[in-house]
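S.K.: Residues per chain are reported as follows:
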Amino acid sequence: MLSLARADWFRIRRRWDVWIIVLGIPALALLAYVSGALSSGNMQVQISGDVPPEFQAQMAAQDAAMRAFNALPYQFPRSIVTVLEGSTLWLVIGAAFLAASLLGHEFSWGTIRNVVLFQPDRIRYLAVRLAWIVGLVVAIFLALVALGALLPAIVRVDPGDPAALENLDPSQGWVPYGPTASVSLGGVLLVAGAFLVSVAGGVALVGLCALKFRSVASGLLGAGIYVAGEGIFIGLVMSRATGDLRYLPQLTLITRLTALVGDAQQAAGLASGAGGMSSSPGWVALPPLVGASIVAVWIVGLIALWFVVLRRADIHE
Amino acid sequence: MDAAIEARGLVRHFGSVPAVDGIDLSVPVGSVYGFLGPNGSGKTTTIRLLLGLLRPDRGTVRLMGGSPRDPACLARVGALVERPALYPYLSARENLLLFATLAGMAGRDANLAIDRALGIVGLGAVARRKAGGFSTGMLQRLSIALALLRDPTLVILDEPTNGLDPAGVVDVRALIAELARNGRTVFLSTHVLTEVEQLCDRVAVLQRGRLVADGLTRELLERGQRLAIGFDTDEEAVRAVRVLEESGIATEPAGDQKTALRVSLDSLGPSAINRLLAEHDLHPAELVVRRASLESVFLDLTDGV
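One line per chain: the protein sequences are A and B, in this order.
The first sequence begins at 1 in this note's numbering and counts up one residue at a time.
The second sequence begins at 1 in this note's numbering and counts up one residue at a time.
If we strip away everything but chain A, and leave its shape as in the complex, we get:
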């Protein structure tokens, strides 16, 4: 196993596309956080013209509430979720590309042929490659978590008066994005874990497509087609299905991954009530643990299929 891991290190250490992803995503997250933090104090309640004195006090209270609310995402530990949410798209795309690239290029270059001639144990070879993909994705993820934990100490955002948050008045049009109650580190880590599992689901899907269709582009395209297909399926089922069939959308991968993050945010107190698809008609909620179990079955199943596909694959390359 050690020699396989070393061989993979020789492959990966010169892959600039891999390192651009590993270093680029935290860099983008850093820029997004700093930019958001620096502009968080810019919004304020404008008082123009003659405002009756009784409203001036009310508006000043709203202004203080808004400042406190805008500063919330940049306070530890919520800042970790802020960084992760700000880089979700990059993380998903980057992790998907890493998986597709590290698996698909062996077929595009034809090197898979020499690989299996020098290491006929395809299961061990793929297990090590999987470990590298997981390692790189986790490294990016940990870098994002570390940024989220450290940046509040470097880029300080005045939290304002937390007591003022009680004055947030949705009727004035300043509807809070989410709950304003304090968030525990455990809750934040739960949400972060849900993000990581979501990325793992994407990696598992893209990796399977890259192995099955034997190229980076086909892997990404195949996964994209699955996501679009799932969307169409859910649209059809949710508008037509009755009875137990209404649970079908709850079994699909992307729906479950999205719901997993939503469930975690809700459990952590970072989201209030139902949001996204869960507010759609025809949606039936599953208990969070059942939902998480379905995600686990999907990910384990997809990864198991990686091994089945490669083990049975004819090497025409």
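Rather than coming from a laboratory, the hints here were simulated on the basis of the structure.
Beta carbons are placed, not taken as given, at the ideal position from N, Cα and C, and that holds for glycine.
A hint or two may mislead.
Stated by the list, open to error - Chain B side only, calculated, beta carbon under 10 Å to chain A, not exhaustive: (1) C73; (2) V81; (3) L86; (4) F99; (5) G269.
What the hints assert, rightly or not - One side only, chain B facing chain A, incomplete, derived with CB under 7 Å: (6) S67; (7) L102; (8) A103; (9) G104; (10) L164; (11) G168; (12) L221; (13) R223.
Chain A is fixed; fit chain B onto it per the hints.
M.R.: Chain B in isolation, oriented as in the chain A frame:
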């Protein structure tokens, strides 16, 4: 173990098309075995089946006495299959180091093996250049170096001189001869018939997925030999054709000359044919054994494909 490669009843279809259709092969240890066939005859598919890269629909393969998926057996095999397949962003040396590491070689052993392999193919001077910048011939040399990296006892080479310049072709032929001298078994798939004629002691010819000939190169060439017989008169030649065909020996005209004919030497040798003719009071003015070229034998066997 007498055979380095032993295949029995190998069958592989692509869809409904049989790419390999019931091949039996036995490559003796220490031989240089030529594997011939026209384009699309199934040579590369056969090699992939032998190496375990493809699964046969039916049949079995033994490679160095074991399964082609057994790491211990494959460790004794070096293979160049079709086009080069290397990491373009790694140098020649790094490519070899990667595969050496994958095979469990490390440290001084790996470095020595890499230096030896690069030296054999003459790429020592460009070892630190990226493979992506190599010419086709250099990539082919690097692929041969990869095949030789583990100092294999069986070397399977699929069109090894593809893309090489004339000097490279000569080098590779010398390398194959050297491998044979050192007791290695070489399985050589090639289109270059002179290569087989010069290097191989055994040869198999594949046509539409089936073996149409398999044996010693010398015997195959003898099979293609013809005896050219010339007479002084047309009448003698006509009588000779009748006598020979009554004895089951096929004859064919030798060009436009009515006094000359050619006969196959498959069933009787030249002296026996001469005796047969003499018994019928036929005395040839000329009796010459025409040695067949491998090209003519190959074209005969493959219907000129």
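S.K.: Now, for every hint given, state plainly whether the structure supports it.
M.R.: The hints, checked one at a time:
1. C73: holds (9 Å)
2. V81: holds (6 Å)
3. L86: holds (7 Å)
4. F99: The hint holds - B:F99 has a Cβ within 10 Å of chain A, the shortest such distance being about 5 Å.
5. G269: Cβ of B:G269 sits 46 Å from chain A, so the hint is violated.
6. S67: Hint violated; B:S67 Cβ to chain A Cβ min 9 Å, cut 7 Å.
7. L102: holds (4 Å)
8. A103: B:A103 check passes; min Cβ-Cβ to chain A is 5 Å, inside 7 Å.
9. G104: Result: holds, 5 Å to nearest chain A Cβ.
10. L164: With a minimum Cβ separation of about 19 Å from chain A (threshold 7 Å), the hint on B:L164 is violated.
11. G168: Violated. Min distance 21 Å.
12. L221: violated (34 Å)
13. R223: Hint on B:R223: violated, closest Cβ of chain A at ~35 Å, above 7 Å.
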